Amino acid sequence: MDIVLQQVGYLYAKDSPFEKRALRDVNATIPSGSYTAIIGHTGSGKSTLLLHLNGLLKPSEGSVRIGSTLITSDTKGKALKDVRKHVGIVFQFPEHQLFEETVEKDIMFGPMNFGIPEEEARSRAHELIELLGLPPDIAQKSPFDLSGGQMRRVAIAGVLAFNPSVLILDEPTAGLDPRGRKEIMELFHRLHEEENLTTILVTHSMEDAARYADQVLVMHDGTSVLSGTPEDVFGKAEELASYRLGIPRSVRFQRDFETLTGKPLGQLALTEEQLAKEMAVVLKEAGGRK
Amino acid sequence: MMEKMIFGRYIPGHSFVHRLDPRSKLIFVFLFIVAVFFANNTATYAVLLAFTLLTILTARIRLYFLFNGLKPILFLVAFTLLMHFIFTKEGPILFEWKFIRIYEEGLRQGIYISIRFLVLVLMTTILTLTTSPISITDGMETLLNPLKKLKLPVHELALMMSISLRFIPTLMDETDKIMKAQLARGSDLTTGSLKERIKAVVPLLVPLFVSAFKRAEDLAIAMEVRGYRGGEGRTRYRQLDWQWRDTIALVIFGLLLIALLWLRS
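Chains Y and U supply the protein sequences, listed in that same order.
Each residue of the first sequence is one higher than the last, beginning at 262 in the working numbering.
Each residue of the second sequence is one higher than the last, beginning at -7 in the working numbering.
Isolated chain Y (complex conformation):
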């Protein structure tokens, strides 16, 4: 499912003294099957943008096309529910949405709403419990008795449960420990590859954006200012700095290394592994010449 945003603008509390512009003239294309990272400073409009991607907000100006559905300011609610079936959102701190008596029931909430038969939903729930690395006996426990990390995983399962073809992630790892972070990010990456999902990741972590995404969209002051491959975007450190954004640690290291040694690396090191490899090449060359 392609998602195309054309000149999207959004005003909060339109026609009241609290009216506030959140988005203006946002243009972006998210091709089917891509992994897009949306980065931007706090208040840059990332979260508002993301609500447009599954019809939770309708644009005040311009249009959002999701698959074959075109959403403008006067689209009716019925079409939106259809869109939501195909676009799943994992919100920030998704564990806040848990409410059922048991984990199993909570995971089944989404699929049942979208008309998936109960038995199918149940088996999907059990599959997901396993996929997310949760103990199988968790199914009958209350979601409120779990640890924070487990609650997060159950909540994520609740979104994956209705098999959306587009998965939107709003800082899915905020507040998790480093290991949990990595596990969850790897899981999303695996799902992206295996289930051919279109993944959209909103993140503050330049490292995650560089490692997983194949397209990066930069938001600043309510509009889209830059987009391209991670190599393109993170190669423009100065421009990013003007949007109050940094670059991945490995790229920062690479830049320092290059200035200090005067030896440019073969390509932009988006991950630590890549950095090590590129440095090995340069260092070997230097060693060979001695």
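No wet-lab data here; the hints were simulated from the structure.
Just so we're clear, the structure is a prediction, and the values are computed from it rather than from any experiment.
Do not take every clue at face value.
Computed beta-carbon distance windows for the label pairs [unchecked claim]:
1) U:S156 x Y:E455: 46 to 52 Å
2) Y:E499 x U:G184: 51 to 57 Å
3) Y:A274 x U:I244: 28 to 34 Å
4) Y:G436 x U:T50: 44 to 50 Å
5) Y:E499 x U:H6: 39 to 45 Å
Where is the CB? At the ideal position from N, CA and C, for every residue including glycine.
Given the structure of chain Y, go ahead and fit chain U onto it with the hints provided.
Positioned in the frame of chain Y, the structure of chain U alone reads:
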């Protein structure tokens, strides 16, 4: 979704009404509520309505914004009006169509009660629109202070009030967020039978309660950590300041009261 709600909201400003001391505003509104019940004929209700509109103008609140925000309450007003049209059966019949009969008294009572209701809602809304929740509680606490002698926990009541006022927007935001999360999971709040709609509220209420309790606990701990020990010997950062304009406000109320008493039949 709730961004249009204005009941209980505060809009900063610098009008005459905004700059009044919260105590004078509270006294004013309280006395006004009592005075509303003195009205009993067209002249007095007209005075009340005109006075309220004048207050809105003085507070520099946009009429459109005010009425747009009070839509649910206007609906209630319309409902009362209708009830009176149908059920009050006194005086000559004004209008008759099939089984519907509207009596003169019904029309009059309906309009009177609606104005009374409207004026009360408008006045209290102006109070909250022009006074920050913190000043309202401060004012309330100072006004209720004499009751401390009767062992009424005035400070604690004021604190409870300010905390609940403080958390209304937070809970609203929270509701909005949870609502969005559940909508994204396909829950449907706007269609279906009444029973289905009530069932659809459960996924909102449970997480909301959970987070409200968590918040309460966090807040209690945060307050204790900062050495909160109740109102005994506590001084204030914001001092209330009674000025000439506060006295004027009460004098204006006196004039209104005299007008009402003089015009009422």
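Task: Violated hints - listed by number, lowest first - done: none
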